[in-house]
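Enquirer: Whole structure, please, built from the sequences with the hints as guidance.
Mapping to the working numbering: the sequence shown position 1 is 278, numbers consecutive.
Hints are computed from structural coordinates only; laboratory data are not their basis. In this text the structure is predicted, and so the values were computed from the model without any measurement. Ideal Cβ positions, reconstructed from N, Cα and C, are used throughout, including at glycine. Where hints are given, some of them may not hold.
Said to hold, decoys possible - With a Cα cut of at most 25 angstroms, we get these calculated PhoX-like pairs of lysine-lysine:
1. Lys403 with Lys468
2. Lys493 with Lys527
3. Lys591 with Lys618
4. Lys496 with Lys658
5. Lys658 with Lys693
6. Lys468 with Lys591
7. Lys527 with Lys658
8. Lys527 with Lys468
9. Lys443 with Lys527
10. Lys468 with Lys480
11. Lys693 with Lys591
12. Lys443 with Lys591
13. Lys693 with Lys618
14. Lys393 with Lys403
15. Lys493 with Lys433
16. Lys403 with Lys591
17. Lys443 with Lys393
18. Lys493 with Lys658
19. Lys468 with Lys632
20. Lys618 with Lys632
21. Lys403 with Lys392
22. Lys393 with Lys433
23. Lys496 with Lys480
Said to hold, decoys possible - Restraint ranges, calculated between C-beta atoms of paired labels, are given here:
24. Arg580 with Arg457: 41 to 47 angstroms
25. Asp720 with Pro467: 43 to 49 angstroms
26. Arg457 with Val596: 54 to 60 angstroms
27. Asp753 with Gln718: 54 to 60 angstroms
28. Asn608 with Phe532: 45 to 51 angstroms
29. Thr594 with Asp752: 16 to 22 angstroms
30. Lys599 with Lys527: 53 to 59 angstroms
31. Ile592 with Thr690: 18 to 24 angstroms
32. Phe542 with Gly578: 22 to 28 angstroms
33. Glu506 with Tyr740: 45 to 51 angstroms
34. Glu622 with Gly578: 33 to 39 angstroms
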Amino acid sequence: MRTLLNFLIILAFATLVLNYSPAHAQNAEATVNNRNPATRSLYELFDAEWEYTMRENPTFASSLGDRRYNDRWEDASLTAIARRHGHDRDVIARLAAIDRGQLSARDQLNYDLFKKDYDASVEGYKFQWYLVPLTQRGGVQTADELADLLRFETVKDYEDWIARLKAFPLYMEQTMALMREGIRTRTMLPKVIMNRVTAQVDKQLVENVEASAFYKPFKRFPNSIPANEQTRLQQAARNAITQNIIPTFKSFREFYVREYLPASFDEVGAWKMPMGEERYAFAARQNTTTNLSPREIHEMGLREVARIRAEMEKIKTQVGFKGTLQEFFQNLRTDPRFYYKTPEELLAAYRAMSKRIDPLLLKVFRTLPRTPYGVEPIPEKIAPDTTTAYYNQPAADGSRAGTYYVNLYRPETRPKWEMMALSLHESVPGHHLQIALAQEQGDIPNFRRFGGYTAFVEGWGLYAESLGDEMGLYDDPYSKFGQLTYEMWRAVR
278 MRTLLNFLII LAFATLVLNY SPAHAQNAEA TVNNRNPATR SLYELFDAEW
328 EYTMRENPTF ASSLGDRRYN DRWEDASLTA IARRHGHDRD VIARLAAIDR
378 GQLSARDQLN YDLFKKDYDA SVEGYKFQWY LVPLTQRGGV QTADELADLL
428 RFETVKDYED WIARLKAFPL YMEQTMALMR EGIRTRTMLP KVIMNRVTAQ
478 VDKQLVENVE ASAFYKPFKR FPNSIPANEQ TRLQQAARNA ITQNIIPTFK
528 SFREFYVREY LPASFDEVGA WKMPMGEERY AFAARQNTTT NLSPREIHEM
578 GLREVARIRA EMEKIKTQVG FKGTLQEFFQ NLRTDPRFYY KTPEELLAAY
628 RAMSKRIDPL LLKVFRTLPR TPYGVEPIPE KIAPDTTTAY YNQPAADGSR
678 AGTYYVNLYR PETRPKWEMM ALSLHESVPG HHLQIALAQE QGDIPNFRRF
728 GGYTAFVEGW GLYAESLGDE MGLYDDPYSK FGQLTYEMWR AVR
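Expert: Below is the structure:
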């Protein structure tokens with residue numbers, strides 16, 4: 278469950294460079310012949326917007342398995358971002374011309390959700406989050422990770438990636454222009470976050486080209502590609518990385534260390550940015566889908582802290598610990614029996630835990646997703662700077678499974694007692710079950726299949742954690758305490 282600050286960060290990354298129109302749709306409900314004019318117009322708009330989104334957001338399209346735009350990055354220029362904003366306003370006008378009263382109840386809901394997303398996009402434009410195109414969680418410095426979401430099966434797949442490598446300098450130039458405008462307008466994040474980016478950039482400055490993360494696809498080829506073609510593609514990739522990737526990151530590092538980082542905020546808070554209070558309240562509304570004020574949300578958090586603390590005290594007593602709750606926490610953080618010694622042991626334990634959960638799902642769910650998921654380590658270059666775990670959705674066409682990424686950095690800081698709650702939240706019955714099932718619903722528009730609201734997505738994850746009791750998975754007081762620590766983590770942030 279994300280904090281409001283994390284929401285701002287993720288909103289930045291999701292809407293700034295991509296200027297990602299939040300509602301995308303596709304004809305999915307009825308045949309053309311049995312639609313009235315209003316329904317037909319609505320689904321024509323849904324279809325057009327889905328295609329527009331794929332064109333304007335090629336990396337998003339690629340991640341869904343749409344290969345049509347695999348040879349390019351987003352146009353991250355200020356001109357393109359302004360154009361997309363104008364487009365979103367036009368879409369709202371087109372939607373208003375459709376007679377909502379002529380729609381079925383189901384399509385009235387689709388209409389309302391579509392409108393809600395576009396209204397939010399247009400309203401949020403004034404906060405200029407696109408001027409914060411990267412954080413320690415990702416951005417141009419982790420662009421190579423896109424390759425992990427792609428299929429490399431044909432010569433064209435490899436040539437498309439080489440084309441992206443060659444286009445990277447322009448993408449970086451546009452990103453730096455956004456960041457310079459962010460400096461000018463003071464639309465930035467604090468140093469405590471941005472300090473972490475430098476090391477991520479440094480990992481892209483390799484001496485051996487074949488050690489570049491961008492070269493990873495060229496280390497393995499399907500047998501269908503002849504050896505001479507493999508050699509040609511590898512040489513082309515080495516040339517592109519040498520000429521386009523490494524020099525670009527060298528220039529970016531110079532800019533980042535000398536210009537951007539010194540200008541970022543020493544203090545933490547949305548209030549440091551333009552329209553800070555309004556910006557924060559908007560984020561609260563968007564994150565929760567309610568009209569609760571930040572103050573009301575804070576008061577709710579305080580009530581939750583009191584409730585969870587009382588539950589923690591019960592477990593402390595149950596295990597016979599004689600000290601204070603703070604001393605109990607200290608014991609849990611320092612006792613070696615609660616930790617694995619190596620990253621390999623930790624990964625094996627996470628994978629074993631998933632195998633333990635999977636067979637129990639039918640105890641609580643009648644319908645399960647057809648798409649599988651896997652458990653993989655978070656990439657080493659971002660592991661020190663990111664969360665304990667996260668989930669990546671599967672490809673829309675089923676060509677890539679969902680992935681539950683776990684952080685293996687410093688296993689001595691990753692307690693065993695939190696692993697079950699974390700796995701329930703991130704994989705099944707949490708994010709993978711909910712997101713994969715949504716994607717498999719062919720009778721709803723794509724903006725609902727591939728979109729979502731934080732309050733629901735993370736609320737489902739919280740609900741999934743609670744099912745650990747019903748599924749018999751919190752089989753000792755410590756794993757139950759782990760669930761409570763995650764509830765507390767959400768309540769205090």
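Enquirer: Which numbered hints are broken by the structure, listed smallest first?
Expert: Hints 3, 6, 12, 16, 17, 19, 22, 27 not satisfied by this model.
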